[in-house]
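> Listed below are the residues making up each chain.
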Amino acid sequence: MQQVFRRPESLKDVQTHFCPGCHHGTIHRIVAETLDEFDLARKTIGVASIGCSVFLYSYFDLDVVESPHGRAPAVATGVKRARPDRFVFTYQGDGDLAAIGTAEIIHAANRGEDITVIFVNNTTYGMTGGQMAPTTLPGQRTSTSPYGRRSEKEGFPVRVAELLSGLDGVAFSARAAVNSPRNIMDAKKQMKKAFRYQIEGKGFSFVEFLSACPTNWGMGAIEANERVGREMCEYFRLGTFKNTANL
Amino acid sequence: MAKRLLVRGNEAICMGAIEAGCRYYFGYPITPQNDIPEFMSREMPGLNGEFIQAESEIASINMVLGAAATGARAMTSSSSPGISLKMETISYMAGMEIPCLIVNISRSGPGLGGIDASQGDYFQAVKGGGHGGYHIIVLAPSSIQEMYDLTMLAFDLAEIYRMPAMILGDAVVGQMKEPLIPHPRPHRELPAKDWALRGTEEGGQRVVKSLFLGDGELEAHNWKLFAKYRDLAAKEARWEDYETADATLIATGFGSAARIAKTAVAMAREEGMKVGLLRPITLFPFPAKAFASATEHCKTVLDIELNTGQMVEDVRLSVARDAEVHFYGRPSGTGSLPTPEELLEQIRRYYRN
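Top line first, the protein sequences correspond to chains A and B.
Going by my numbering, the first sequence runs without a break in its numbering and finishes at 247.
Going by my numbering, the second sequence runs without a break in its numbering and finishes at 353.
Everything hinted at is true.
Here chain B is said to cover these stretches of chain A; the calculated rule only asks that three of the stretch's residues, wherever they fall, bring their Cβ under 8 Å from a Cβ of chain B: (1) 44 to 51; (2) 62 to 73; (3) 83 to 96; (4) 100 to 110.
Just so you know, the hints here were simulated from the structure itself, not pulled from any lab data.
No experiment lies behind these values; they were computed from the predicted model shown.
Positions of the beta carbon are idealized from the N, C-alpha and C atoms, including for glycine.
Start from the sequences, fold in the hints, and give me the full structure.
What follows is the structure, encoded as structure tokens:
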């Protein structure tokens, strides 16, 4: 019998703590498959951020350093400058990257650091219990926007992939979703392109993944998955915003 | 004859760091330490090193965290308000057991304060300025030669004990020029870096982290860190002992204040007073035993600091029970640096034959 599907070698054979219907597991798999396909696992240093993503080292069989909240791009900068021969990526949520870590992502991107940033946008702070994030959609109810996000007082969702694409230091910026088989396949292609930028020494690469957070959205897994396609993809357009080397 | 160079204190730190093998510097401009990033920006490219002027003090210390997590010798420098910004990550590095060097050429405070020499950061440096209950190694140079020597020592101690180390100076020792005799890095046995991240190529995952959620895990980690602090106190306390053997009054202080105090002590000796100076070189570990043994025979201690009384708490905890500890402080601002004559007056005030 031919085996057609198996756990990527970069992932450990363990259960995750992620909630049912959470997209982190799928995104982890995409990252792990891409590491395997480029044979990077034995030369990679990952940077874990604060939030549900902190357990990176529990699920990936990689060397990993933990970063203080929001600072992963600065930590990755230090790692990559000291070990330019290693493959270095950060894995960050939207509270981490787009709120407290805004300065670090902008400036690592602007310096054109040869790292890859994997950004998981689920429009909420997952681990702390579903508070309003910089990516929370207008009108979205969260535990700190109980009347729905009012843009006149609380501003607008930050479109990070587009924002970064305006910086000259950024080589590749894209947004993907993993809410359907087709989108998963597209997401994998974007991940591969982003990794190629670093492998080929072509500069800073960034992929934003839209992700479901059923628990904090107060939805079932299927409903949450549908919300990604219905509401999130409308505000956060999928696609490639910068691809300087046309990979 | 060894080569003598006329060098500014901040530059002596850079020379010491480079001699110690540091090739990664990350910083942000703030007075009065700008000579350090300027020097490193000139020197790092030619040494195959990396210099980044980061977007903030926070980013700089996190770049240090990343580079040092790979086992490289990395450093940052700043001054008081900037050091406050670094504190969260210093706590992380203490928890993650990452060696590195942080230089604080401190200024007067609180808040924006001023740029004058000050010692208002003793508590922050020595008592664990960030959250969670930890210590870092703190060295306090009082000469340009010590800026060089202690920088090399700081890197070695940081690696031996796997924790951040700090040089705590100020504008006096940072900006002043004095002769320096450079010398090769002294040989010290250093442990293998079997924790450093390198990609898993040599087999087995390595994780550098400070999150411990398992039952009892974090408590055990805290006791492990505590054991290092106890070891440091037993093995690494350093101090300068100047004329204390027959003294009936011992002056003390650290860094720039101790420099001025030493001049005052020499003046007192010329007047025939039996006065000495006990100067902590390591602030953490604090040389408590040196104070205990010196105050077996000498019962009067005069602590001089450029603040309203910080190290004096550690002095009081360390001296013999029947010793008197007096304090003279000048929390610095413009025009507040004490003169040797002013300190001599204080020595006369408490001196008894």
